[in-house]
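Listed in order, the protein sequences are those of chains E and L.
To convert, note that position 358 of the first sequence is 357 in numbering that gives the first Met the number 0; the numbers rise steadily by one, no gaps.
To convert, note that position 252 of the second sequence is 251 in numbering that gives the first Met the number 0; the numbers rise steadily by one, no gaps.
Take the hints with a grain of salt, since some may be wrong.
To be verified - Pair by pair, the computed Cβ-Cβ distance ranges are: (1) E/R20 x L/M147: 16 to 26 angstroms; (2) L/M147 x E/R429: 24 to 34 angstroms; (3) E/W334 x L/P67: 35 to 45 angstroms; (4) E/S431 x L/R90: 51 to 61 angstroms; (5) L/G69 x E/N428: 36 to 46 angstroms.
Unchecked claim - Where chain L lies over chain E, by a calculated footprint (3+ residues, C-beta under 8 angstroms): (6) 17 to 31; (7) 334 to 346.
To be clear, the hints were calculated from the coordinates, so they are not data collected in a lab.
By construction, the Cβ of each residue, glycine as well, lies at the ideal position given by its N, Cα and C atoms.
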Amino acid sequence: MIPETNSNYNPRLVARQRMGRAWQIVFMSSTVLALIFLIVLMLNIINSAFGLVALENTIAPSELADEPLEALEKEALVGILADNIRRNAGRKLEREQRFFADTLAFESQEKWDEVCARAEAPEGCSSTPRDHANVLALVYERVVEQQVLETYPLWDSITRGDEIRAEIEAQHPGATVEFWSWLDRNFLTTPMSSDAALAGVRTAILGSLWVIALTILFAFPTGVGAALYLQEYAPNNWLTRIIQTNIDNLAGVPSILYGMLGLAIFARTLEPITSGQFLGVGSENGRTILSASLTMALLILPVIIINAQEALRAVPSSLRNAAYGVGATRWQMIWSHVLPYAMPGILTGTILAVSRAIGETAPLLVVGAATFMTSDPNSIFSKFTVMPIQIFNWTSRPQAEFRNIAAAAIIVLLFILLTLNTTAILLRNRFSTRR
Amino acid sequence: MVANTMTTEAPQRIATAKPVVAERTEKTGTGRLALDAQDVHVYYDTFHAVKGISLPIHEKEITALIGPSGCGKSTLLRCFNRMNDVVSGVRIEGQILYKNQDIYAAGVDPVAVRRRIGMVFQKPNPFPKSIYNNVAWGAKINGYKGNMDELVEKSLRQAALWDEVKDKLQQSGLSLSGGQQQRLCIARTLAIQPDVILMDEPASALDPIASSKIEELMLELKKDYTIVVVTHNMQQAARVSDRTALLWLGELVEYDETQTIFTNPSQQKTEDYITGRHG
């Protein structure tokens with residue numbers, strides 16, 4: 000302890016240090032609180048994505064055939080289908096995709112010819128026949144009709160698994176209890192289905208990747224370009240200041256408004272372009288991946304511009320002076336020195352903006368994402384759905400098991416997000432270490 | 000700065016202690032003018048920073064601009080290669096003649112001016128690139144047609160840096176020490192082979208040893224280049240410059256041969272400033 004010898008000063012050192020420690024505790028508690036929320040959220044998701052499931056078959060596979068269904072020939076499987084589903088349902092399936100290349104299973108030849116002669120012939124007239132796996136899946140879906148009676152969260156499944164098994168045994172004698180990971184390979188590779196146990200996120204993942212890729216393609220060059228113009232070229236006058244203020248405000252506009260804008264402009268007004276009709280291909284309306292990406296690009300553009308401007312502003316003037324001093328033009332200065340120096344900052348802003356875009360739901364709902372889509376998007380003019388839409392759609396269903404696949408989809412979405420961010424951050428670090 | 004610290008220690012003695020003007024090693028001046036500032040005014044928005052200064056700069060000599068902080072000497076220096084153009088809100092009046100051409104005339108590209116009138120800044124500011132590219136970049140963008148390796152070596156030798164960096168040309172320019180960085184910046188300027196080199200307090204951020212190296216270098220370079228240097232260091236101005244101009248609140252107080260300024264100034268203000276009674 001060093002005593003204060005100057006009576007003009009009263010340092011109150013103990014009180015000041017105590018104050019400092021108090022604030023330190025406050026800040027640490029905030030961090031801990033945030034961490035707790037994050038952990039609870041993750042546990043909650045994991046809790047729903049795995050767990051025990053009580054299953055019951057409408058018809059047991061053993062009643063259909065002596066050997067396991069997987070071992071049966073395609074002809075036998077079609078036979079089972081024909082025995083167990085109504086003829087009309089069979090006709091419908093056949094018109095979607097026929098069962099055999101040479102013969103018809105449900106339709107009469109005359110009717111088939113007549114249907115196929117129509118102007119809008121069903122897909123089954125031209126597509127290749129269903130394969131063995133497809134027919135097997137149909138048998139399971141339409142005949143065996145495995146139903147999920149009850150699902151249990153992971154915590155309950157672990158702590159009172161035996162109790163649950165006994166309960167199910169008592170209530171549903173024919174039912175089986177299995178431990179399911181709702182997130183499995185099938186979940187990733189199968190498209191949407193109205194049956195939660197069969198549904199997957201394939202179309203949604205592909206849709207998200209398409210939309211994000213296009214969004215980056217539109218928003219990154221435009222955003223960096225606008226930031227460069229505003230920061231490096233634009234004269235400092237009232238017009239520039241108005242534009243600047245508006246961009247700052249646009250970053251805070253609710254995303255659903257961008258959805259309305261996207262619907263009005265991209266999906267409706269520019270429909271001939273966004274639907275691909277001007278090229279003679281694509282969808283019947285403007286609710287396409289292109290419209291969605293343009294809307295998303297608009298949404299994240301202000302964020303990218305603001306962050307890029309911030310990064311450009313942080314470039315030291317000594318660097319600019321150095322370039323000017325050796326006779327560089329403004330463009331040479333920007334291209335060789337300002338942009339490389341600002342690039343890590345610009346990329347950080349872009350990563351944040353893109354992360355936001357991946358998770359956005361509202362604007363795409365308005366623009367017209369398909370909530371039920373079974374075919375993969377294959378061009379920028381395809382109809383689309385994205386991960387958050389799919390999750391939103393599933394969580395709003397009444398059946399409990401959709402909550403489970405929604406949780407699984409959330410894990411997939413988080414994984415995609417983390418992967419993309421990691422890639423972007425590695426890319427950014429490469430930029431900064433090359434200095 | 001040196002004058003200041005000494006003042007606090009022994010004010011009586013320093014009142015008459017004028018910096019010693021070095022024995023001039025050789026006269027390099029050609030008698031012609033490299034630059035001729037005529038009635039130059041500079042305004043930052045409403046602030047009148049340089050108030051009608053006329054200053055002829057002699058070819059192949061070192062001209063020192065001295066004066067207290069905020070007197071407009073750096074601003075004037077930056078007028079000579081139009082570096083003030085990139086600052087918003089600056090207005091410049093008057094003429095600066097370079098080869099009988101007003102560099103502020105309409106139709107003169109400031110980039111062309113800076114290519115002929117290079118600049119070294121107060122704080123060493125190498126590009127965040129390799130040593131080699133630091134030197135080569137300016138020459139490259141100005142369309143240098145010769146052998147780049149030779150130019151880089153020649154420029155680094157001229158800047159007395161070659162022996163220290165010849166084995167690590169691909170390392171970052173920022174890995175060098177402060178004094179080396181400043182010599183790299185000089186080499187970078189030499190690589191575009193300008194006529195005039197403007198130096199804005201080139202040694203003020205350096206230690207005395209690095210600083211004296213820069214001074215030696217300036218004396219070497221004035222054989223081939225015209226140098227205008229802004230400095231706070233009276234001794235430095237006395238040691239290296241052929242002519243010295245004292246600026247005061249945006250006005251030119253006195254401009255003469257360094258020998259005269261430091262031994263027999265005609266203005267009382269000059270006498271006061273160089274002996275440390277002001278600034």
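Hints and how they fare:
1. The given range of 16 to 26 angstroms is broken by E/R20 and L/M147, whose C-beta atoms sit roughly 60 angstroms from each other.
2. Checking the proposed 24 to 34 angstroms range against L/M147 and E/R429 shows it holds: the Cβ atoms sit about 27 angstroms from each other.
3. Against the hinted window of 35 to 45 angstroms, the Cβ-Cβ separation of E/W334 and L/P67 comes to about 40 angstroms, which satisfies the hint.
4. Look at E/S431 against L/R90: about 39 angstroms separates their beta carbons, and that is not inside 51 to 61 angstroms.
5. At roughly 42 angstroms, the beta carbons of L/G69 and E/N428 sit within the given window of 36 to 46 angstroms.
6. For the region 17 to 31 of chain E, the assignment as covered by chain L is violated, since 0 residues bring a beta-carbon within under 8 angstroms of that chain's beta-carbons and 3 are needed.
7. Only when three residues or more bring their CB closer than 8 angstroms to a CB of chain L does the claim for the region 334 to 346 of chain E stand; here the count is 4, and the claim holds.
Violation of the numbered hints given earlier is confined to hints 1, 4, 6; the remaining hints are satisfied by the structure.
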